[in-house]
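Undergrad: As a plain string of letters, each chain reads:
Protein chains: 4
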Amino acid sequence: YLQLKKHIIAPYDRRYRLWQTFLVVLVAYSAWASPFELAFKKVATGSLMPVDLIVDAFFAIDIVLTFFVAYLDKSTYLLVDDHKKIATRYVSNLWFFMDVASTLPFQFLYQIVTGRMHKGEVFGFLNLLRFWRLRRVSELFTRLEKDTRFSYFWTRYIKLICYEFLLPFPTSDSEKHYTYLNSIKMVTLLIVHTAGCFYFWLAAHYKVPDNTWIGSQVSDFKSRSIWLGYTYSMYWAIVTLTTVGYGDLHAENTGEKVFEIFYMLCNIGLTAYLIGNMTNLIVHSTMRTFIMRDSINKVLQFASKNRLPEGMREQMLAHTQLKFKTAELQQEQVLEDLPKAIRSSIAQHLFRSTVEKAYIFKNVSEDLIIQLVSEMKAEYYPPKVDIILQNEIPTEFYILVSGAVDVLTYKNGTEQFLSKLGAADMAGEIGVIFNIPQPFTVRTKRLSQVIRISHHHFKQLVQPSSEDGMTIISNLVQYL
Amino acid sequence: YLQLKKHIIAPYDRRYRLWQTFLVVLVAYSAWASPFELAFKKVATGSLMPVDLIVDAFFAIDIVLTFFVAYLDKSTYLLVDDHKKIATRYVSNLWFFMDVASTLPFQFLYQIVTGRMHKGEVFGFLNLLRFWRLRRVSELFTRLEKDTRFSYFWTRYIKLICYEFLLPFPTSDSEKHYTYLNSIKMVTLLIVHTAGCFYFWLAAHYKVPDNTWIGSQVSDFKSRSIWLGYTYSMYWAIVTLTTVGYGDLHAENTGEKVFEIFYMLCNIGLTAYLIGNMTNLIVHSTMRTFIMRDSINKVLQFASKNRLPEGMREQMLAHTQLKFKTAELQQEQVLEDLPKAIRSSIAQHLFRSTVEKAYIFKNVSEDLIIQLVSEMKAEYYPPKVDIILQNEIPTEFYILVSGAVDVLTYKNGTEQFLSKLGAADMAGEIGVIFNIPQPFTVRTKRLSQVIRISHHHFKQLVQPSSEDGMTIISNLVQYL
Amino acid sequence: YLQLKKHIIAPYDRRYRLWQTFLVVLVAYSAWASPFELAFKKVATGSLMPVDLIVDAFFAIDIVLTFFVAYLDKSTYLLVDDHKKIATRYVSNLWFFMDVASTLPFQFLYQIVTGRMHKGEVFGFLNLLRFWRLRRVSELFTRLEKDTRFSYFWTRYIKLICYEFLLPFPTSDSEKHYTYLNSIKMVTLLIVHTAGCFYFWLAAHYKVPDNTWIGSQVSDFKSRSIWLGYTYSMYWAIVTLTTVGYGDLHAENTGEKVFEIFYMLCNIGLTAYLIGNMTNLIVHSTMRTFIMRDSINKVLQFASKNRLPEGMREQMLAHTQLKFKTAELQQEQVLEDLPKAIRSSIAQHLFRSTVEKAYIFKNVSEDLIIQLVSEMKAEYYPPKVDIILQNEIPTEFYILVSGAVDVLTYKNGTEQFLSKLGAADMAGEIGVIFNIPQPFTVRTKRLSQVIRISHHHFKQLVQPSSEDGMTIISNLVQYL
Amino acid sequence: YLQLKKHIIAPYDRRYRLWQTFLVVLVAYSAWASPFELAFKKVATGSLMPVDLIVDAFFAIDIVLTFFVAYLDKSTYLLVDDHKKIATRYVSNLWFFMDVASTLPFQFLYQIVTGRMHKGEVFGFLNLLRFWRLRRVSELFTRLEKDTRFSYFWTRYIKLICYEFLLPFPTSDSEKHYTYLNSIKMVTLLIVHTAGCFYFWLAAHYKVPDNTWIGSQVSDFKSRSIWLGYTYSMYWAIVTLTTVGYGDLHAENTGEKVFEIFYMLCNIGLTAYLIGNMTNLIVHSTMRTFIMRDSINKVLQFASKNRLPEGMREQMLAHTQLKFKTAELQQEQVLEDLPKAIRSSIAQHLFRSTVEKAYIFKNVSEDLIIQLVSEMKAEYYPPKVDIILQNEIPTEFYILVSGAVDVLTYKNGTEQFLSKLGAADMAGEIGVIFNIPQPFTVRTKRLSQVIRISHHHFKQLVQPSSEDGMTIISNLVQYL
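Residue numbers (the working numbering), protein chains in the order written: chain W, 5 to 484; chain G, 5 to 484; chain R, 5 to 484; chain U, 5 to 484.
Any given hint might turn out to be false.
A pair holds if it fits inside one copy or across any two, identical chains being indistinguishable in the list.
Unchecked claim - List of simulated lysine-lysine pairs, DSS-like, C-alpha gap at most 25 Å:
{"id": "1", "residue 1": "Lys449", "residue 2": "Lys329"}
{"id": "2", "residue 1": "Lys381", "residue 2": "Lys463"}
{"id": "3", "residue 1": "Lys226", "residue 2": "Lys46"}
{"id": "4", "residue 1": "Lys388", "residue 2": "Lys344"}
{"id": "5", "residue 1": "Lys302", "residue 2": "Lys329"}
{"id": "6", "residue 1": "Lys45", "residue 2": "Lys211"}
{"id": "7", "residue 1": "Lys388", "residue 2": "Lys302"}
{"id": "8", "residue 1": "Lys381", "residue 2": "Lys424"}
{"id": "9", "residue 1": "Lys449", "residue 2": "Lys388"}
{"id": "10", "residue 1": "Lys463", "residue 2": "Lys366"}
{"id": "11", "residue 1": "Lys226", "residue 2": "Lys45"}
{"id": "12", "residue 1": "Lys381", "residue 2": "Lys329"}
{"id": "13", "residue 1": "Lys449", "residue 2": "Lys415"}
{"id": "14", "residue 1": "Lys449", "residue 2": "Lys424"}
{"id": "15", "residue 1": "Lys381", "residue 2": "Lys344"}
{"id": "16", "residue 1": "Lys415", "residue 2": "Lys344"}
{"id": "17", "residue 1": "Lys381", "residue 2": "Lys361"}
{"id": "18", "residue 1": "Lys309", "residue 2": "Lys327"}
{"id": "19", "residue 1": "Lys381", "residue 2": "Lys327"}
{"id": "20", "residue 1": "Lys344", "residue 2": "Lys309"}
{"id": "21", "residue 1": "Lys10", "residue 2": "Lys89"}
Keep in mind the hints are simulated off the structure, nothing from the lab.
Could you put together the complete structure from these sequences and hints?
TA: So, in structure tokens, the structure goes:
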């Protein structure tokens, strides 16, 4: 990380990120409080006022703070830590104006300046400016989406809190999608809350209270508790959002009808968006299960179609299942996508010690081993599966990394046990070096990991250095 | 399978699995009965009490049994059959506490201890602890999802029972997804049932019965039959879940409104989840049909674009359709994903006898045949399709496994029939061995299966052993 | 096609298929009439009775006919035309019993036997046996789904009729999916119709008419017109299916509530199924558009990222767009999936005449041309795009099939026009044969189709026959 | 572009396209006004009449204009600019008749001819002919869908206007889908508007006003303002479309019930279509994010499974993230899909100057450089990642395009810094040319772009020209 000027904070600073995450909590409060205070005006000037002022203070601090935070230049990808440039960029931006406008406690200032409360609606609407703060949430989610590791912890945390709002997924894969679904859920709840509050405001300001959606049910609704009003509002908003539409509460006058039209239009989009995302997540999270089941079904079909004996079928099944358990295909793909140098150092790290222990490579030059190891890959074999088949053409030989295998030979019609091999032992090297059909069958005893070296590749590497070739031959002769 | 200590049961034991499956049925009863008894208290202390006690007894037995079941250690993948370890693991777990708490018949014990019935609600809520038992269901489904073979039978069984709740799918492929969809359906029904019962409980305990959702319709609902109450509850719950929302039954007081808000929020997720899963299954189960139709359409487009003659178009179509019928692509993929040794033994099993019967390989060494067979693949050809075209470059030759082909030659502008070949006969071998353009056209008479041997591969195998080469040439000369 | 015994019809017979398609129309009538007659009993014994009898007669004829239709044996894939076997198979099957039971006009027979009308409900329910006939529809659709060509015409026909029930799709690709969506739509309508009729039946047979869903609105509904009753039933059924649920008509008594519960449960599945299928079709039919747009966007991004000059960008764009227009990738895939012999004959058909006209191949042996042509593929080039670049390594040469190209050379810093080539002219052959950097740039004037012959492939084919090699060289020398 | 006859406009003419886009705005007005005027007849003959006449005039102009617009012949792909042919084609088409019929202001003509207003409904229905104009919209969208560049600007414009009707997507990828979703939204709004107006018309013409859906709520609805009637209509239409179905407004008589049945049936399809499209867009637009997250997760899994050290894991992660940032895979795919000549000229443009600057290629013939450059690809490496590993087999060497790398050697157990390389410097060339294991490790200091030249490819190109080979060797010797 770079050295910044004094009194300048890097945007990636951990403490600054924590501060921003803390602000997001305050944003959530603001988003909830603004429409609520519009609808229930007495709260705005009463119990919630001090809370609002404190929250506003925190955002004011953040505005000041922003003048001390370096920013990333989009074209040069460098952090700019010049005070002047930071200030110019922020102030010349619309954001600064909006940040200030959404932070000023207009009502409080008016009260202080004029010495009395304003009766009009203007301050309620000015408070809606605080919705501007929601941009922070979308910024947070954009950051989280890119940061895989962080999102993991965040997700677990959200999961614990919001569990009751969410359907438990049956597949464990989907844990990482909670964040995403939750953000949709939160947006939905915010829209419901805002719509409910505004609908109540419409009723509270209609000239004939009895001719409003709530007044036709509860005629004295203005003098009843805030709790009752809020419950009715939320009940209506959710009955409409979910399209249940009981009809006990519904638009009574033209203004309400027009508002409902827009609310319902918005809801179609929201519902379609929710279903689309849910489908997307389900499709994505069940993909692996489907691929696995398909593979196994194909193996079973193949076996039954060709009437393969039970033993062969079991070997095929065991192998297919193991492949999905060890995610072999995935691992190979990871390696293939990396540049050669990284691939080499991974292979050195994983296989060098095993290869050095193999009897055939004793006293061989370090160069050869490095070159031999650099493109190696490990394979898993399930128990009781053949690695080498007697009389097969020798195209590769194997070094055992872990597990155990049996060496068998088929003589006079019966299989005879010859020996047992363990870690760092080799199999099939005789066939490869002397270029004769494999003399033995090699079968795993339990889950084994082997390194495969192809005939072709081996030859290519040994040929240039005749000395190493001699060492290998002498090792082999000694062994036999 | 491993030998376990005395009095210890393996978790994979068939009898133990049957016992667990039986418990799942009891779990279903518990899940249904707990909210039902909460809502309709007289049942809980009346007719259902003995049933509850018997079910509790079974679960008590299971708790005891768990102390005798070995478990799989997650790190070593070994079964632990030590009595002490099993007990420690189970007792130190939250599960044990929950299992016991959900099994104790509190109401019955209270009755026995105090000698009289408790009037309060506490026991109804304590009974809800039995929902804990549902974990067994999710365990069962996790197991089923992984076990392809078992799930098949289970699915058929569920299908027969639950058919009426399910839409019959048009594609036969989807049979294996019934389990999954059913589990969602069951969860939905359970939520509906629980919500309905709890809604009734809310009404039954509200101070003004006439001001409740059911009381405003049926004022004496408390003294009416359980059947009526349950029907009303379920009717309301489903009218709301499906978002029909007639409005004849709806929340009348604030408490009911709050409950409905949460119920409806839960329903959005549920509906989206149901639609998402249905879409996923449909997308997956129609994929094969779409791929087939696309392939055929592409062939038709290609033919019409290039104005190919009718005969060629028919051959192309026949071949494409056959490929999907025999699932050739799938079979090849299955083989490719297997390790070499298994692939070899499958090929030996399938093709060795056919290759040995071919005249050209008479008296040839066994080694050569094994090596030749080890990478063979079979292909299907539809009737009236050319396998070899006269004058073509000879890149491979064929051995017929089944079916029949005609050998034709094109002379003086007309096609002349030469001979007919059957199983184990060869085609194209003269072109390959003498390296001359194919002298004949070979065309299938009916559905035929052939083995293809490539020129290159054949040469590579025969060259090292000059003896086998001589045998083959002499076989060929004899044949001609 | 095979020769069948006398008086035996092949199941693929065109006339028999037409008859079956005609029966499907009658099935549609039956499916509509059965629940309708149950609900409105006076119709069943009145105006619709003769129609029912005629329809029943047709199905009776079909039962007799089935004894004369050969069937396909599932294991041998052969048509069985033995009278006895056909009869045994049909009669021993449950289908025969159901076919007969669903065809017998019980009411009419009862009337004839007893001489008077029965007042009970039993015949209405017996008529529901006719739903059995719906199996024919699913059989028809299974057949249509597999038969790509037939489905096309059928689709257009359905489209004209059912257009009003269907949303016009914007993409032309989706025409082939109408059949499928329509079948779902039809099933939905049938369920709605059946549910509506049964709901009316419930009301008509309830002891207190005023306490039914329709009686509470129209108290004299039993004596009103069938039209009114049917409209109310369908209105209720659709208001519930679509989950609009106005609530003006809703369940009044327990029986109706229970019926609605099952109807609504069924509807959730139906809706999810409908949405799932619609999504599937949309995903499938927009796939090609998405792939095309993505490709073009990638080209644009690549160009802007690397700041390529305008001309290069235009060439890239033109090429990408042309590729999608000519569906080049699809065509190549079609060819790759076919066996070698078919591929060869297609290539001979398409390119042989062009290759024979190329000056370099004059007087060359027919064998060489056949072998050369057999693996050829055509490529399209948009106007003003370079095919060959001056000084490039010669890896392939080209024969023009259609279109026109300019030969240019870059000398003293300016491009100079040398000559113009047309159909059957060659480009790049000098570079390839003398193995020197391409001496000219070749650029298309308008949309051109070329055949590409690779250096490597050409050498391989010409080398064995020295005579042809000489002819080619002499042709070339003569040309220069 | 081609030269057309005088007074003939090309269909691609920019001014003509602008005119057509302007007409689409008028079409939108027509589509809105036609059903509105049917429902509220007094508007049709009042305030909207002059607007209608002006709009009609514009469409009349367009009819005349069409006679002067060339058209594209579908078979020859040529523009036809012959006056006669254009006229014949247009007039003989149904379109001409419909265009004229939808443009004639019947009501106005009748008024002028007869001198008085017509009281009947016939003109309202005749106005519905204007819906024919909607074909222009679908034509516009078809064009936009194909034209990627234009759609971009159009999209931004629509986005600004229609933002309030649309849910803001969280992913920036989806910007290009707005057009599409908007078109669906617009169709939905049009259906809602038309249905609402027609429903009002039904009520206004029913014999008993009190027995209509609106009359039962507002008994004097006919004499009330148009605003009230329109609000009620739209409110009903949207309450029904969204399936909220409060039930305050619902069908009262049979006619209205039948209309609602069809409206609701249409809505199911519309909703399913909307959800399907939304799902499709979401699946498509989140695909890239999912692929990226999956890749990163796989890398993390691989690292933790094989217990790789932290440093290696960081290198792997950095490389994977960079690959997605630079869209490397996409760029390679773009190049692969292009024909060789275009690929070559791109490579010349991008890399030639860098290669010429490399010390090893000084004074080398231009031909060699062109050939060397023609298949080059650039790769990005993140900071602190190994490009070459000491002792590795030399399979390729590198030229730096930008960035900086360190050359390191591992001696006596510690890494020693040797030198620093910048743009146009080479790495690994010594190993490749002398065919010895790489003598140094090369590691990036910051984001670097390199060109990779493979050993094999380099040899192949240099071998034929011994002169260039000598120059390269002497350059190398001089450098060392």
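Undergrad: Taking each numbered hint in turn, which are not upheld by the structure, reported in ascending numerical order?
TA: Checked against the structure, no hint fails, so every one of them is satisfied.
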